[in-house]
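Engineer: So the sequences go chain by chain: A and B.
At position 239 of the first sequence (counting the first as 1) the number is 239 in the numbering used here, and the numbers step up by one without a gap.
At position 94 of the second sequence (counting the first as 1) the number is 94 in the numbering used here, and the numbers step up by one without a gap.
Be careful, since some hints might not be right.
Claimed, not checked - DSS-like mimics (lysine-lysine), calculated; alpha carbons at most 25 angstroms apart, straight line:
id : chain 1 : residue 1 : chain 2 : residue 2
1  : B       : LYS296    : A       : LYS92
2  : B       : LYS84     : B       : LYS104
3  : A       : LYS84     : B       : LYS296
4  : B       : LYS262    : B       : LYS283
5  : A       : LYS84     : B       : LYS262
6  : B       : LYS296    : B       : LYS262
7  : B       : LYS84     : B       : LYS111
8  : A       : LYS282    : A       : LYS262
9  : B       : LYS92     : A       : LYS111
10 : B       : LYS130    : B       : LYS232
11 : B       : LYS111    : A       : LYS133
12 : B       : LYS111    : A       : LYS262
13 : B       : LYS275    : B       : LYS232
14 : B       : LYS66     : B       : LYS105
15 : A       : LYS296    : B       : LYS84
16 : A       : LYS111    : B       : LYS262
17 : A       : LYS104    : A       : LYS84
18 : A       : LYS262    : B       : LYS104
19 : A       : LYS296    : A       : LYS282
20 : A       : LYS275    : A       : LYS296
21 : B       : LYS111    : A       : LYS111
22 : B       : LYS130    : B       : LYS111
23 : A       : LYS296    : B       : LYS111
24 : B       : LYS262    : A       : LYS133
25 : B       : LYS296    : A       : LYS133
26 : A       : LYS296    : B       : LYS92
27 : A       : LYS262    : B       : LYS296
Note that these hints are calculated values from the structure, not bench results.
From a predicted model like this one, the values you see are computed outputs, not experimental measurements.
Protein chains: 2
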Amino acid sequence: MDTPYVIGIDMGGTNTALGVVDRRGDILFRSSINTDDYATGESYVDALSDAINEVINANNLAGQIKGIGMGVPNGNMHEGTIEKAANISWTKSGAVPLTSMLTKKTGLPCKLTNDANAAALGEMIYGVAKGMKDFIVITLGTGVGSGIVANGQLVIGHDGFAGELGHITAVRNNGRACGCGRTGCLETYASATGVARTAREFMELNPQTTSLLREIVHRPVTSKDVYDAAVKGDRLALDVFNYTSRILGEALCDFIAFSSPKAIILFGGLANSGKFLTEPLKKVIDEHVLYVYAGKTEILVSQLNDAEAAILGASALAWEI
Amino acid sequence: MDTPYVIGIDMGGTNTALGVVDRRGDILFRSSINTDDYATGESYVDALSDAINEVINANNLAGQIKGIGMGVPNGNMHEGTIEKAANISWTKSGAVPLTSMLTKKTGLPCKLTNDANAAALGEMIYGVAKGMKDFIVITLGTGVGSGIVANGQLVIGHDGFAGELGHITAVRNNGRACGCGRTGCLETYASATGVARTAREFMELNPQTTSLLREIVHRPVTSKDVYDAAVKGDRLALDVFNYTSRILGEALCDFIAFSSPKAIILFGGLANSGKFLTEPLKKVIDEHVLYVYAGKTEILVSQLNDAEAAILGASALAWEI
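Isolated chain A, as found in the complex:
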């Protein structure tokens, strides 16, 4: 029997969104549940499989679904488990075998990977990496994540946890404290949070410089504020992007020396900063990359619709089942 559809599930800390996806990458039907309203993994999976079965039954899709792909924070692709994901309380006490539990409840084969790997698969099947066998997706959101594809396959490592490029040490001396307990991690600089932190630091350290950002006094400055100010030509905001691009660009040069990707694809909130990020970034890479790679690696911004990309990326896993 033909199975023309897959289900993609994007598990976030707050919300779990699911969609039925066809081979062209169109999301035909959607549903969602809360992620953290449950005391145990069992009750979460119960609610999720109820939502899945409801979508299947409401749309007469029984027998037409090839499988389920999930993008899961801190997901272990080898084991099909989730463990100790920040903000999801039912994952704290130990590894929850999500894929096998979900298969048991739905009768459908299921695969999971972490969010950034799902994004990489989404780009390869539906996005700007179509046809590429070697590329890296860098997700620039609250943190910095990465999905690495080499020889047409995800690099997941011996334990399923490869691709934590947000935690390479970008600044070795006097680097910023990171949530991981170390200092100088790339994500303390190149995430949305890092950009806001840089803006606040620049304002503190240069009390004489004027900036539109100084008008924001009743709440903390965000990366969106920095972008809005940059659009208006604000010098300090532009300097924040230049500083961010220098640190990110030098790190990308190291990643290029690792896997020599055809493209590095920027994905997520901060990637939408457009030329304020990409132009200085390309300049830093041109200046700093090892000569054998000069001019070879494209810096691209994901063109997938943000709201859809995560579901599409996760669904891409299910075609491989």
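For chain A, the structure is supplied; the task is to place chain B on it using the hints.
Structural biologist: Coordinates of chain B only, in the frame set by chain A:
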């Protein structure tokens, strides 16, 4: 017809060594030619294929050779070419299509890769990485090279040049000048040359400290001198190893965050420094690695005989033809 043998060729800047290798990794017959005694790629390939045919005929191996594998400085695995290799004059004027030329002359299929990738294949088939699907070989010689295996395959990148880990920027501010034209590259610190450079720097910067190395006055201090002094308990020499291990160890932590290898295998001259390098290195990694990888990646030293490893590694390519 059964083809129980392959030919492995290790091309160095001075000497090109070849061996007939069986499936167990024994080198049965050997030969060699000079690498740089030729005006053109054609005349080099003529001499090399003469040497190959001689070994085959002298030992009645016609029809029993599956193919030829070559480890080549600056070799492009995708293209089968060598281009602009330091010290090999006939490579300066453009890419030389070594594999196709050699196949034409010998009638044998031929594959090449760079030296470090050949070392990685050698470790996977005959060495300490036997059975591993995810590991990194770091070659610590005059320079620092690397061969990366993920999902059981060499990571060679879109252009065939992945794995230049000697040129990740280990020291971002005030780093040492590197032969590549940039500063702070890992190989300026963690190679044999880098260790000697550190020793000379330590002596200059600390004129009051005594050291056995100060007795070497008629020639430059080498990494072997540093090792010999460390064996005798020389404080400055031990400090040189600690310093080297800190820089190399922090870089290895970044590589672990990239591909989460089961093992990192040290290979080449400096790797023979044994515990003076590996003990502080393991300590740095334990202290610095991201918590998800803690205690997971083994630091191993290649056990292959140095003189044989390069030929074995290159020969490993030929089994895959």
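Engineer: Of the numbered hints stated previously, which ones are contradicted by the structure, given in increasing order?
Structural biologist: Hints 9, 10, 18, 21, 25, 27 not satisfied by this model.
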